[in-house]
Amino acid sequence: MMDAIAHWFKWLSNQHGINYSVFFDNYDQTLFLKGLKTTIILSLACIALSILVGLIGAWLQGSRIRAARVGTAMFVQFFRNTPPLVQLAFFYYAVSALLPTVTDSFGAQTPLINNLGWAIISFSLFAGAFNIEIFRSGIEAVPSAMTEAAESLGYTRFQIYRIVVIPIAFRICLPSLGNNLVNLVKTTTLAYAIGVPELLYASAQIWSEAMNVREMMVLLLITYVALVAILVAVMQRWEKSLRVPGYVS
Amino acid sequence: MQPLITISHVEKSFGTMPVLRDISMTIAKGECACIIGPSGSGKSTLLRCINGLVPVTSGSILVDSIEVNDPHLDKLALRRKVGIVFQQYNLFPHKTAIQNIAMAPIHVLNRPKDEAYENARRLLAKVKLSEKADAYPGELSGGQQQRVAIARSLAMNPMVMLFDEVTAALDPETKKEVLFTIRDLAAEGMTCVLVTHEMGFASEVADHVYFTDGGRIVEAGTPTEIFKAARNERTRAFLSQVL
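Protein chains in written order, with our numbering: chain X, 1 to 249; chain A, 250 to 492.
FYI, nobody ran anything at the bench for these hints, they're computed from the structure. Note that beta-carbon positions come from the ideal geometry of N, C-alpha and C, so glycine has one too. Treat the hints with care, as some may be off.
Covered stretches of chain X (in silico footprint by chain A; criterion: 3 or more residues with CB under 8 Å from a CB of chain A, positions within the stretch not fixed) [stated by the list, open to error]:
| hint | segment |
| --- | --- |
| 1 | 145-155 |
| 2 | 164-172 |
| 3 | 234-247 |
Use the sequences and the hints to build the structure in full.
This is the structure in structure tokens:
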């Protein structure tokens with residue numbers, strides 16, 4: 001089967017000059033698949049961490065301590081109001097230089113956090129800032145009557161948050177969260193700028209040698225359409241599994 | 250006998266607006282008290298003050314010798330004694346009927362799960378909703394939701410139940426289901442404080458009726474005294490509108 005596909009693409013290349021080298025050239029294929037793997041790792045790590053940032057931020061925003069609320073507001077302002085590419089450069093070129101280096105197994109000095117690490121940190125904080133606002137909108141949409149009922153049953157503040165507010169708020173804001181995560185997956189291509197070998201970077205490596213820019217662009221776009229489609233399908237299943245009969249959030 | 254609830258000279262204002270002025274009343278164990286009066290007369294606020302949801306400005310509320318107007322109030326201890334049912338049911342929409350009833354005993358009283366669910370099933374049977382145990386609130390009618398809400402409060406084993414206009418959002422038929430549930434509770438000796446616009450029901454189940462207006466208790470007495478022979482002009486005017 002794989003042979004047949006490789007054979008056909010090879011024929012397409014020889015006969016018509018349409019060069020999808022990824023399908024028949026071993027070297028290009030490995031590059032592309034590694035890029036795909038890096039993109040997936042980068043995306044999954046950023047999705048998980050950005051949701052964590054969102055939950056913590058939303059909790060701090062409702063805090064009784066003024067400094068926690070102001071700090072969170074400043075964090076959101078900073079990461080929402082500046083371009084993600086500039087943030088990435090800031091972390092990779094400015095912050096990274098302030099950190100100590102470590103000695104690797106060859107005895108050379110390498111940075112404490114590599115470029116993939118910085119990309120994960122940078123995009124997680126960027127998307128996390130949006131997630132804070134998304135979770136806040138969900139929390140504010142929970143009727144105060146719910147918290148009043150829980151309070152009158154003797155629940156503590158934290159219990160009310162954990163057992164009543166968050167489960168209801170999460171259902172309310174899941175569609176907007178999905179939107180932001182779709183954006184996040186697409187934003188990971190910016191990691192190209194600091195040399196993280198993700199899909200765009202790998203594709204650029206391939207086309208600069210095989211001279212098949214047009215074909216690689218098409219393949220790249222189709223791959224992202226598929227990746228985001230998978231994410232959207234997962235989000236929809238999640239929404240469905242959390243749906244409560246008779247409750248319109 | 251020591252009354253279960255003693256309210257003396259309670260004042261409450263929201264900002265500069267007074268909502269309760271010099272309220273005093275006592276409620277004995279096993280008594281059913283009904284508070285009636287026009288909207289905005291402070292009835293609901295008074296109920297919320299009794300279980301500490303709304304802090305009073307001055308005065309004293311004693312519930313089974315717990316002082317509610319105390320900065321060091323043990324709210325949990327108070328709320329174990331006082332159950333409240335709201336006009337809009339306020340069931341947790343993401344939990345089934347039986348979960349709504351069992352969750353507070355598990356989370357707040359640390360009861361074992363089996364015991365809490367067994368008790369919840371017993372309470373569902375009591376409010377005649379055994380077959381709806383696994384239904385979500387959104388799948389229940391208003392009257393059914395309200396009966397689940399009553400069972401949820403009863404699960405905490407309170408000494409007194411507060412009902413805040415619990416039938417105001419219901420149609421006449423479902424209203425009846427809920428009122429029967431409350432009547433049965435009162436008949437079993439549960440201490441009940443009802444804020445209600447159901448004058449017929451109040452005259453049937455109440456031991457005492459309080460008519461409030463403008464944050465004051467204008468007149469108090471037995472149902473017969475209030476509904477048949479009100480002495481105060483304002484009480485008579487109000488009742489002539491609703492009876």
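Here is what the structure says about each hint:
1. 145-155: holds (count 10)
2. 164-172: Coverage by chain A holds for the segment 164-172 of chain X (4 residues, Cβ < 8 Å).
3. 234-247: holds (count 4)
Hint compliance for this structure: every hint is met.
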